[in-house]
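**Student:** The residues making up each chain are set out below.
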Amino acid sequence: MPSVIEARGLTKTFGRLGAVNGVSFAVDAGECYGFLGPNGAGKTTTVKMIHCSAPITSGDLSVFGMGVRDAPRAIKRRIGVCQQEDNLDPDFSVRKNLTVFARYFGIPAVQAADRARELLEFMGLWERRDARIRELSGGLKKRLAIARALVNDPDLLILDEPTTGLDPQSRHQVWDRVRTLRRQGKTILLTTHYMDEAQSLCDRLVIMDHGRILVEGAPSDLVRSRVGREVVEVYGFPPDLPEYARAQGWTFEADTHRLWIHTDSGEAVFAAIARLYPAERCTVRMAGLEDLFLKLTGRELRE
Amino acid sequence: MSLAGVGALVRSVSLRSMRVWQRNRDVYFVTWKTNLFPPLAEPILYLLAFGAGIGALVKEVEYRDRMVGYTAFIAPGLLATQVMFQAFFETTYNTFVRMHYQRTFDAIITTPLSLEDVMAGELLWATTKGTISCAVMMVAISFFGLLHYPHALLIVPFSLLAGLLFAGLGLCFTGVVPQIDSFNLPTFLFIMPMFLFSGTFFPLDVLPLWAQRIANLLPLTHVANVIRELGLGRMPADLAWDLLYLVALAPPLCLLGIHLMKRRLVK
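Taken in order, these protein sequences are the chains called X and G. Residue numbering for the first sequence is 1 to 303, as defined by my numbering. Residue numbering for the second sequence is 1 to 267, as defined by my numbering.
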């Protein structure tokens with residue numbers, strides 16, 4: 001089956017600044033594909049090139065087998081985009097936001113009204129159909145933005161940081177809807193800087209930093225192969241612990257207060273450390289995407 | 001902009017721009033009462049102030065070798081300035097709000113519309129808004145018996161041309177201003193001088209010759225000329241020069257506006 005999105009050596013520069021530096025990836029039909037990375041990694045720039053809002057500087061990028069340079073209208077007809085910032089129409093009601101958007105796709109009014117109702121019910125917004133946008137909370141706005149992205153029944157749904165700034169309840173509601181869409185067979189492209197989001201929603205993902213793709217794969221495979229099964233975390237570790245860990249041949253990461261040992265045998269490492277240091281400062285847990293992410297992108301602050 | 005660039009730009013505009021026109025029309029009619037009240041009330045205020053006030057001092061003015069009542073002289077000037085203000089402020093302040101604060105265009109260009117479609121829709125809407133306001137104002141002015149029909153009916157289609165010109169001019173500024181306050185500059189450098197010195201409130205031939213020459217370069221002068229002649233129930237042949245000037249200026253301004261907006265937004 002041909003890929004829904006295929007990028008080869010995709011590059012985007014702003015003046016002399018490289019935002020995306022020769023990335024290659026392919027998104028298959030029906031999968032949820034994630035772009036995980038810190039702020040400024042180039043995720044949104046990549047997404048904008050995919051939905052033909054930003055011209056590519058060099059490389060190849062095709063969506064549904066069509067080049068983004070050659071057929072932007074044909075591509076955009078089949079995708080739905082939920083952007084990071086709120087750009088709902090504040091002058092219209094909730095429902096009118098959807099019907100006006102449907103008109104941009106040339107969907108006839110009667111069909112658009114049906115579609116709007118269906119989507120508002122799906123996103124749990126039907127009760128608020130006549131509300132003005134400024135009356136909505138951040139979570140409701142985001143759900144409406146996702147509903148709007150679905151108005152043309154797209155073959156590819158692009159969600160750019162769909163849960164940034166939302167409270168836990170809203171995040172879970174958004175995730176639940178995304179999982180439903182995924183089950184219905186939609187191809188979904190998701191950017192995020194939340195590990196739990198990426199781990200629980202994405203079939204495959206890339207970790208991006210400084211405009212480059214660092215790794216690609218299924219989240220659990222990546223963690224397993226790059227970090228290990230478990231992580232032993234030591235709080236307020238004594239100054240000689242890194243040296244000891246190095247002597248043991250363990251791979252580890254450390255900041256000023258904590259030290260993380262990546263391992264396939266957490267019990268044994270824990271026991272070894274507990275013999276030397278207070279055991280209450282030491283925990284063993286399953287390795288996660290966050291361990292991989294911090295290992296790859298470092299711990300310095302961004303922006 | 002090269003000739004090929006102009007061609008590519010024109011080809012990127014499609015009938016889908018009407019979708020943006022429809023969007024703006026829908027917003028306009030959500031708040032139609034506040035939109036239609038000013039063009040109805042404004043001329044009444046002006047005609048009272050200028051008609052009863054200045055008109056008491058200046059009963060008639062000499063215009064093109066003929067005496068015209070002062071209120072009948074300024075009424076077409078009011079229509080001309082209305083088209084200018086409505087179209088210009090639509091593609092400056094209002095387009096800027098949609099572009100920068102509401103991010104409306106970012107959303108629309110993810111649909112099959114191109115940025116050129118969106119900008120063309122903005123221009124067409126500003127043109128329409130100028131024409132609606134002009135037509136509404138004509139209704140108010142007609143109650144004072146200051147327009148001669150049927151000639152005056154031609155003011156409506158003509159205001160489409162005039163509106164397009166000022167919409168295009170406004171879009172050029174929107175393509176380059178750093179922030180919304182910056183519109184004060186073109187407003188005071190271009191729009192206010194045109195408002196006052198385009199033969200809107202007094203006949204230009206009272207000015208020294210050099211000032212008349214400058215005034216004749218201003219688009220509003222030609223808009224006011226055409227609307228005044230039609231309003232007075234005349235169609236002299238030299239209106240062709242005014243029309244030619246406007247027809248020659250409007251399309252390049254619109255294309256330049258679209259080009260500057262594209263340069264600003266597509267990065």
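Watch out, some of these pointers could steer you wrong.
As the list claims (entries may be wrong) - Sample of chain G residues lacking proximity to chain X, with all beta carbon distances greater than 10 Å (derived):
(1) 27
(2) 30
(3) 186
(4) 197
(5) 266
Stated by the list, open to error - Distance windows between CB atoms, simulated:
(6) G:22 <-> X:172: 33 to 39 Å
(7) G:6 <-> X:288: 40 to 46 Å
(8) G:243 <-> X:185: 46 to 52 Å
(9) G:49 <-> X:15: 15 to 21 Å
(10) G:153 <-> X:74: 40 to 46 Å
(11) X:85 <-> G:33: 46 to 52 Å
Said to hold, decoys possible - Straight-line C-alpha distance at most 20 Å; calculated SDA-like pairs for lysine to any residue:
(12) X:96 <-> G:30
(13) G:267 <-> X:40
(14) G:262 <-> G:30
(15) G:262 <-> X:40
No lab work stands behind these hints: they were computed from the structure. Cβ coordinates follow ideal geometry from the N, Cα and C atoms, glycine included.
**Student:** Quick check: which numbered hints come out false for this structure?
**Tutor:** 1, 2, 5, 7, 8, 9, 11, 14 and 15
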